[in-house]
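Trainee: What follows is each chain in one-letter form.
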Amino acid sequence: MEIPYTTQPREDTGLYNAKLGIWLFLASEVMLFGALFSSYILLRVGAAEGAWPHGLMNIPIGTFNTVVLITSSVTVVLSWAALKLGNFKRYQKIQAVTVICALGFLGIKTTEYNEKFHHYEIWFNEPMTVAEHPNLMNQSFVEETTINKELIGTVPSLIGHLNYIDKDGEKHHAGIAWTLATLKEKEIEEIEFELDTFHYRIPARIQAQIKKSGKYDKGEHETIRVQVSDLRRMSAFVPAHSTFFAIYFTMTALHALHVLAGAIVIAYILWRNNKLWKRDPERYTNRVEVSGLFWHFVDLVWIFLFPILYLL
Amino acid sequence: MSDDHSSPEYIEAAKKKYWKVFWVLMFGTFITVAMYFVYFEKMWQTVTVALLIATAKATCVAAIFMHLWGEKKLVYQILYATVFFFIGLMWLTLWAMNDAPFMTEWVR
Amino acid sequence: MQATTTEKTEHTEHHDHHHHDIGFLRSYVFSTDHKIIGIQYGVTALAFLLFGFFLVLLMRFQIGYPGETIPVVGGLLEKLLGDVAAEGKMQPDLYNAFGAMHGTIMVFLGVVPLAFAAFGNYVVPLQIGAIDMAFPRINMVSYQCYAAGGVIMFVSFFIPGGAAQAGWTSYSPLATVIPTNGQTFWILGMVMLITSSLLGSVNFIATIIQLRAPGMTWMRMPFFVWTQFITGFILLLAFPPLEAASVMQLMDRLFDTSFYLPSGLVLSGQPVTQISGGGSPLLWQHLFWFLGHPEVYVLILPAMGVVAEVLACNARRPLWGYRSLVYSVLAVGFISFIVWAHHMYVTGMGTKISTFFQTTTMIISIPSVIILTCLFISLWGGSIRFNTPMCFALAFLPMFGIGGLTGLPLGFNFADLLLHDSYYVIAHFHYVVAPGTIFGLLAGVYFWYPKMTGRLMNEALGQVHFWASLIFMNLIFMPMFAQGMAGMSRRMSDGGAVYAAQAEGMVNEGVIGALSASVIEWNKSITFAACGLMIAQIPFIINFFWSMNNGRKATDNPWNATTLDWQTPTPPPHGNFDKPIAAYRGPYEYSQEGHPTDFTPQNQPDPVKS
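Protein chains in written order, with the numbering used here: chain L, 1 to 312; chain A, 1 to 108; chain V, 1 to 610.
Derived by calculation from the structure, the hints in this document are not laboratory data.
Quick list of the computed label-pair ranges, beta carbon to beta carbon: (1) L:Thr6 <-> V:Ala47: 29 to 39 Å; (2) V:Gly215 <-> A:Met43: 54 to 64 Å; (3) V:Ser263 <-> A:Leu52: 25 to 35 Å; (4) L:Phe64 <-> A:Val38: 19 to 29 Å; (5) V:Pro271 <-> L:His118: 26 to 36 Å; (6) L:Glu194 <-> V:Ser263: 23 to 33 Å; (7) L:Asp12 <-> V:Leu80: 55 to 65 Å; (8) V:Tyr171 <-> L:Ile176: 24 to 34 Å; (9) L:Asp12 <-> V:Pro605: 18 to 28 Å; (10) L:Thr6 <-> V:Glu459: 42 to 52 Å; (11) V:Arg491 <-> A:Phe40: 45 to 55 Å; (12) L:Thr6 <-> V:Ser27: 18 to 28 Å; (13) V:Pro605 <-> A:Leu52: 54 to 64 Å; (14) A:Met103 <-> L:Asp166: 55 to 65 Å.
Calculated cross-link-like contacts (lysine-lysine; reagent style DSS-like; alpha-carbon spacing at most 25 Å): (15) A:Lys16 <-> L:Lys93; (16) L:Lys89 <-> A:Lys20; (17) A:Lys73 <-> A:Lys17; (18) L:Lys184 <-> L:Lys116; (19) A:Lys16 <-> A:Lys72; (20) L:Lys93 <-> A:Lys20; (21) A:Lys15 <-> L:Lys89; (22) L:Lys93 <-> A:Lys17; (23) L:Lys93 <-> L:Lys275; (24) L:Lys89 <-> A:Lys16; (25) A:Lys72 <-> A:Lys20; (26) L:Lys171 <-> L:Lys184.
Each residue gets a CB set at the ideal place from its N, CA and C atoms; glycine is no exception.
Please construct the entire structure, taking both the sequences and the accompanying hints into account.
Mentor: Quick look at the structure:
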């Protein structure tokens with residue numbers, strides 16, 4: 001006995017079972033991501049003055065990933081159209097692009113994560129006076145721009161790459177996601193910080209201004225030595241860094257899981273399910289449509305994630 | 001699904017539409033990123049513009065790619081309910097978090 | 001599809017599903033048949049209910065006799081759990097773990113799976129005339145997720161440090177900062193359970209929308225199907241926010257994030273410096289109760305549906321106000337999403353928002369009262385059969401009434417400020433869920449047992465079970481109202497003994513106020529009543545297993561009921577109906593004039609028309 005309406009739509013609803021099922025599932029997904037979006041807004045609105053980090057994201061990579069995902073979305077729908085026209089070969093070609101895009105997205109996301117894990121922020125017990133540490137500023141581009149006030153004076157924290165000095169006074173690169181506890185465990189007393197001031201302290205529009213003025217001299221690798229005992233807290237750009245990174249990693253990781261799941265399903269239908277096309281082409285097309293609906297939803301979530309996490 | 005939605009002519013026309021949407025989305029992305037370098041006086045202006053663009057893009061994806069445009073009534077009913085509850089969740093939570101008891105105020 | 005002959009359907013069934021030659025594992029363990037899955041859910045859920053009850057029995061002993069060795073099982077507990085039960089005495093940590101897990105198990109592993117998944121799976125496809133659920137394999141995975149969640153929760157008792165201790169509500173920061181792994185297990189278990197109910201609810205809704213038999217219009221659906229339909233939507237849309245919240249709590253615990261940890265957090269007098277801070281403890285509460293309150297209706301609506309079926313059948317009367325019942329249940333479903341913050345009045349809510357939530361809370365009581373009133377009026381003029389399922393269904397009405405009405409003071413913030421976190425709250429929601437929902441579900445077990453097994457349950461044992469349960473339930477929960485109003489706080493491992501010490505002049509530091517000895521004395525009588533309730537379940541357990549092979553043989557329709565689930569062979573075969581089925585009339589045509597019997601099945605065509 002066959003369950004009715006697996007392929008043909010039921011007359012009064014106009015839908016076949018799987019299509020109704022996927023829409024119900026997507027409704028639930030809306031609530032899942034909706035709760036996370038609500039949490040994002042709430043944490044951000046509730047953040048103390050100046051506590052919400054800005055400009056820590058790599059915008060070119062994020063933009064490229066957006067383009068990749070949009071491309072995959074259009075290939076999914078075009079492959080479905082090819083199936084509707086009965087052109088299986090063409091469907092296979094286009095849908096393969098979708099899978100490649102999905103894997104590309106995940107690969108790019110991985111390198112982006114990795115880049116984040118290698119950046120550190122250190123907070124001092126007492127705010128550090130910039131004037132005493134000329135290295136903190138890249139004089140050539142700071143002096144003549146409007147941002148003097150933002151950098152001169154005292155800073156509560158610095159951003160950059162972490163090296164540590166061992167007992168023999170030798171310098172080593174630190175691993176990923178270290179904290180103060182790690183330093184204490186390894187009995188490290190002094191660290192050397194490679195400053196990344198330009199990218200992470202200056203608002204993007206002013207960065208652009210500086211670059212245009214031609215005074216940009218990549219002052220990224222100036223260093224400063226700090227005693228561990230002067231540090232209040234240290235964190236890589238990992239979820240524990242701030243509520244911003246917490247929600248960033250939670251949302252993008254959950255989204256990446258959806259990308260992975262979608263890619264697996266699409267690839268399975270594409271390469272492991274061909275017998276169904278010969279036996280029941282309409283049902284096969286429906287499967288492609290339903291997996292496509294899920295894929296578009298994943299794209300749709302990213303359309304919101306990109307501006308709120310990277311740009312705002 | 002009625003026949004006119006799966007006829008070859010309809011699909012061929014739809015394919016053109018999909019490409020159009022693709023370029024609209026690309027343009028939307030470009031605008032969003034460009035926005036980042038445009039300076040607005042107030043934060044809420046930036047947020048509004050960015051979310052408007054994102055919503056427009058999302059609408060395109062939902063309406064055209066997901067075939068919501070002309071979808072059956074039932075799907076709309078499910079989505080209306082979902083949107084209602086989603087707005088309830090977000091709006092009431094935010095309201096509760098920003099409504100301090102009488103004669104008090106939130107300290108951040 | 002409907003025109004296929006019986007012979008042909010059997011043939012295709014054999015080839016498409018290979019059901020007859022697939023062996024024990026595929027037919028009973030990895031079955032995709034909705035009836036087998038329903039029974040799997042039912043048996044597992046009943047076992048978990050018993051387990052959850054056992055936990056609270058131990059807690060009741062500790063409350064009645066703080067710090068004394070637990071009789072009978074004390075030694076066993078020490079062997080199994082170690083130091084937290086040293087010398088067979090319950091340490092506060094163990095009490096907290098049992099308290100948290102009692103709530104979790106009863107709600108998420110006991111009542112919801114029994115009410116929604118077990119009865120829903122077994123009965124809904126039969127009642128709407130479908131051959132199975134819309135997505136049978138997803139249905140199987142749903143049960144497996146539930147089983148996995150159950151195993152994770154159960155195993156967590158035996159890991160070092162024991163199970164979760166932060167209450168079933170798992171409020172952060174407490175739940176985040178407890179160093180043992182119980183809470184992490186709890187979260188992982190919840191994620192599995194949420195996945196399970198997500199898959200289940202998609203399946204239920206799709207089945208009810210798509211697979212109704214010809215003629216089974218929306219207003220011909222039995223009320224039970226309606227309640228399951230709405231419950232499905234609640235689970236579908238209210239659970240995901242808790243999933244998101246759980247993921248964030250998991251991040252807090254495993255990756256040291258600060259979603260729920262505010263800046264300036266102080267733990268045991270020590271400021272916490274190595275976290276980023278900036279989170280919000282209230283965020284957890286909002287997301288939790290966004291599920292938590294609709295969850296109450298997930299618990300109660302299916303029970304109402306069962307009670308409606310049993311009442312109509314055994315009163316031999318159509319349900320009074322079927323349409324108002326349907327619209328009420330729709331209204332309850334909708335409004336249940338916007339009342340949640342009435343659990344949070346003491347968190348410091350503003351006047352405007354608390355007015356909003358008080359208003360919606362009062363509004364939602366209206367459809368609930370309509371449902372209860374309709375069920376009461378349905379009895380009027382009926383020729384009632386007082387069999388065991390009917391007794392449980394009848395007891396549901398006043399018990400749920402007590403539970404519901406005592407909830408009203410909690411819906412007003414000024415009264416709630418006094419009653420919050422007291423035994424009054426415990427009494428209130430237990431009246432709704434224990435003698436309310438569980439009585440409704442027991443009515444369902446006795447009612448559908450003959451359909452599932454082909455044999456009726458023993459009536460004498462059933463009556464003993466019913467009367468003993470009813471009496472002991474009230475002896476347990478009625479005094480708690482008084483204790484709560486006297487100011488006795490919940491979640492105290494010594495049952496308020498510190499307050500008694502205060503009354504006797506023994507001043508304990510940090511204890512304000514006192515409870516009179518008579519209030520504390522109730523703890524002992526409640527403990528005895530709880531033991532009585534446990535003993536009262538023994539006839540049920542015996543009945544449940546004994547009747548499978550020795551009960552009176554049931555006909556296809558032993559209760560002379562009208563709905564489609566009784567118009568099948570008993571027990572129903574794979575594919576459910578031996579002939580194509582359609583509905584020609586409403587679900588409750590009992591005692592209709594001009595019909596030879598006092599019931600007219602839904603699939604009986606109108607003689608005039610055919």
